[in-house]
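**Student:** Single-letter residue listing:
2 protein chains.
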Amino acid sequence: MKIDIEKTAEFLKANDFFYIIAHTSPDGDTIGSSFALYYALKQFGKTSKVICADEFDVKYDYLFREYKIEKFEPKTIVTCDIADENLLGDLQQQYEGRVDLCIDHHVSNKGYAKNSFVDHTAAANCENVYRIIKALGVEISPLIAECLYTGIVTDTGCFRFSNTTANTHAIVAELLKIDFPHYEINRQMFEIKKMERLRLETMLVTEMESYFNHRCHLVVVRKKLMQELGLSDSDLEGVTAITTQIGSSLVGITIKEKDTDKYKLSLRSTGNVNVSEICQKFGGGGHFNAAGCTIKGTEKEVKEKIIHALSDILSWGSVNAE
Amino acid sequence: MKIDIEKTAEFLKANDFFYIIAHTSPDGDTIGSSFALYYALKQFGKTSKVICADEFDVKYDYLFREYKIEKFEPKTIVTCDIADENLLGDLQQQYEGRVDLCIDHHVSNKGYAKNSFVDHTAAANCENVYRIIKALGVEISPLIAECLYTGIVTDTGCFRFSNTTANTHAIVAELLKIDFPHYEINRQMFEIKKMERLRLETMLVTEMESYFNHRCHLVVVRKKLMQELGLSDSDLEGVTAITTQIGSSLVGITIKEKDTDKYKLSLRSTGNVNVSEICQKFGGGGHFNAAGCTIKGTEKEVKEKIIHALSDILSWGSVNAE
Numbered sequence: 010m011k012i013d014i015e016k017t018a019e020f021l022k023a024n025d026f027f028y029i030i031a032h033t034s035p036d037g038d039t040i041g042s043s044f045a046l047y048y049a050l051k052q053f054g055k056t057s058k059v060i061c062a063d064e065f066d067v068k069y070d071y072l073f074r075e076y077k078i079e080k081f082e083p084k085t086i087v088t089c090d091i092a093d094e095n096l097l098g099d100l101q102q103q104y105e106g107r108v109d110l111c112i113d114h115h116v117s118n119k120g121y122a123k124n125s126f127v128d129h130t131a132a133a134n135c136e137n138v139y140r141i142i143k144a145l146g147v148e149i150s151p152l153i154a155e156c157l158y159t160g161i162v163t164d165t166g167c168f169r170f171s172n173t174t175a176n177t178h179a180i181v182a183e184l185l186k187i188d189f190p191h192y193e194i195n196r197q198m199f200e201i202k203k204m205e206r207l208r209l210e211t212m213l214v215t216e217m218e219s220y221f222n223h224r225c226h227l228v229v230v231r232k233k234l235m236q237e238l239g240l241s242d243s244d245l246e247g248v249t250a251i252t253t254q255i256g257s258s259l260v261g262i263t264i265k266e267k268d269t270d271k272y273k274l275s276l277r278s279t280g281n282v283n284v285s286e287i288c289q290k291f292g293g294g295g296h297f298n299a300a301g302c303t304i305k306g307t308e309k310e311v312k313e314k315i316i317h318a319l320s321d322i323l324s325w326g327s328v329n330a331e
Numbered sequence: 010m011k012i013d014i015e016k017t018a019e020f021l022k023a024n025d026f027f028y029i030i031a032h033t034s035p036d037g038d039t040i041g042s043s044f045a046l047y048y049a050l051k052q053f054g055k056t057s058k059v060i061c062a063d064e065f066d067v068k069y070d071y072l073f074r075e076y077k078i079e080k081f082e083p084k085t086i087v088t089c090d091i092a093d094e095n096l097l098g099d100l101q102q103q104y105e106g107r108v109d110l111c112i113d114h115h116v117s118n119k120g121y122a123k124n125s126f127v128d129h130t131a132a133a134n135c136e137n138v139y140r141i142i143k144a145l146g147v148e149i150s151p152l153i154a155e156c157l158y159t160g161i162v163t164d165t166g167c168f169r170f171s172n173t174t175a176n177t178h179a180i181v182a183e184l185l186k187i188d189f190p191h192y193e194i195n196r197q198m199f200e201i202k203k204m205e206r207l208r209l210e211t212m213l214v215t216e217m218e219s220y221f222n223h224r225c226h227l228v229v230v231r232k233k234l235m236q237e238l239g240l241s242d243s244d245l246e247g248v249t250a251i252t253t254q255i256g257s258s259l260v261g262i263t264i265k266e267k268d269t270d271k272y273k274l275s276l277r278s279t280g281n282v283n284v285s286e287i288c289q290k291f292g293g294g295g296h297f298n299a300a301g302c303t304i305k306g307t308e309k310e311v312k313e314k315i316i317h318a319l320s321d322i323l324s325w326g327s328v329n330a331e
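Line by line, the protein sequences are chains A and B.
The first sequence begins at 10 in the working numbering and counts up by one.
The second sequence begins at 10 in the working numbering and counts up by one.
If you are wondering where the hints come from, they were derived from the structure by calculation, not from laboratory data.
Treat the hints loosely; a few may be bogus.
One copy or two, it doesn't matter: identical chains are merged, so the pair holds either way.
[Stated by the list, open to error] DSSO-like cross-link-like pairs, simulated, lysine-lysine; straight-line CA separation at most 30 angstroms:
#, residue 1, residue 2
1, K55, K143
2, K186, K11
3, K68, K232
4, K314, K290
5, K186, K143
Chain A with its partners taken away, still in its complex shape:
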């Protein structure tokens, strides 16, 4: 059942002993919205706990500094930023069909929960949790502000992406009236890189391939290079940005070697090219400007397949691999 903001606040007031679930491969928005809700419920005298099938990256540690794990039997299951129950990961078996309240901002939300507050006009789920906290009448502490700010900046690329709205900025204007080190959060999220990641980027740029008269750029992240640099998958966050940095670029392709003859592709587009449609041809999908798929074959075959799939859209003249 879809419920509005007031009903969501009422629901939270009427219940207790919450398990708040963040999605697998947890990002800033699922972590930020879960912990903002946790700290708000705590101020309200409620007992709650944040759980997730996967570990939280150490870069989010500053959000957990007042978090205390308590042991209790959950009576209310809440999900934050989870569009589909399969994003519960290893927790799916236990909680499938048992979610009491879902707070989310994905247009693709499956409506799996008993009660759902879903506003897909929100750039980040943290915008929804901000509104719920205001409806609850809870004071926004600096730590709650940090949680909400973290979710908003990570889901909007620090206000750069097209999902950013007037409302996003209006909420952040309210948050910044509270004293917290927003500059430090931005440095942590967007600036700091491992030296090995920087080295990887330099190698990818050096070997970047250009197709369709520079309208498409492609990089290959090979397992051997990752091993040599001592990098893991979590170190690759945002690496796809390299492929659309050139002004003429309409499509960027990042090919990641998974196994022998198995490659994971991430496609990004900058304008009116629907890469989700391209990825669907290979059994993948995603958003209009950001999508992914897995293709089997040798590296050479995989490249040929994806470039061929793009040729209808990008080969206005002849197709030139440069």
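Since the structure of chain A is provided, determine the placement of chain B on it from the hints.
**Tutor:** Below, chain B without anything else, positioned relative to chain A:
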């Protein structure tokens, strides 16, 4: 004389035939605030013109699409984002002591104009011009919104820098209620790079030097490399960011070869290190976290001098050049 926002609006209403001057090496904020004012005055039936001693970079072209150069004798001289008359460049001789109104946000403003509206709590001068336009009662057109947004995002690093305030976001929340392609502006300002610039960055990262147990990183931009890549000084905007990307980095140094035995240094710091103080030792200066100076000598000598100057602050243990 310092005047407030109402007096500034009155002044603009009472006068006409404006020359609006942008500062030398024009950036997004001086251009954005000058043109926002131009378009606002035009709506008000006033005649005005934007002038600058230096050319505007082509990446700002979208702000000039409704700009028409008219020939007239100026009666009122206004400066936008100019703290000191020496930033008039080649126009200084003609307009020194003749500025009727200065609109600025620099704490270091020299008070050279007959009337000054200076609010240094504004992250960008465009915040001040926004307030003036509101006080004038002029409707903010999409193009005025683009001018103001451009100045705000360029002066705040797209809301990343510590100068960003609640008020900055509140103003942008108002601007985004007007329909304009803010995503495209961000891509233009922060994402797009020339391939040659990307190649330069990869070379700088590959050769980046680390000092004081990774608390300081240093790159050298040599003339020969710039020539080989066909890059000019204007292609180097923001290149200093490379030097503070590593998490442990407290100070980043970019050394640019100017002439034989003459090097221009740009220092950046991430926290509590005052690089302006360091640069003052060499006759330079700037802000607490971003400053510059020129040092004479061979490349090796220049490096030794600057590293020595930093050793009091950064060598908690022994000084290790790695």
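**Student:** Evaluate each hint against the coordinates.
**Tutor:** Hints, one by one, checked against the model:
| no. | hint | result |
| --- | --- | --- |
| 1 | K55 x K143 | within (17 angstroms within a copy, 45 angstroms between copies) |
| 2 | K186 x K11 | between (32 angstroms within a copy, 28 angstroms between copies) |
| 3 | K68 x K232 | within (24 angstroms within a copy, 38 angstroms between copies) |
| 4 | K314 x K290 | within (10 angstroms within a copy, 59 angstroms between copies) |
| 5 | K186 x K143 | both (15 angstroms within a copy, 22 angstroms between copies) |
The structure agrees with every numbered hint stated previously.
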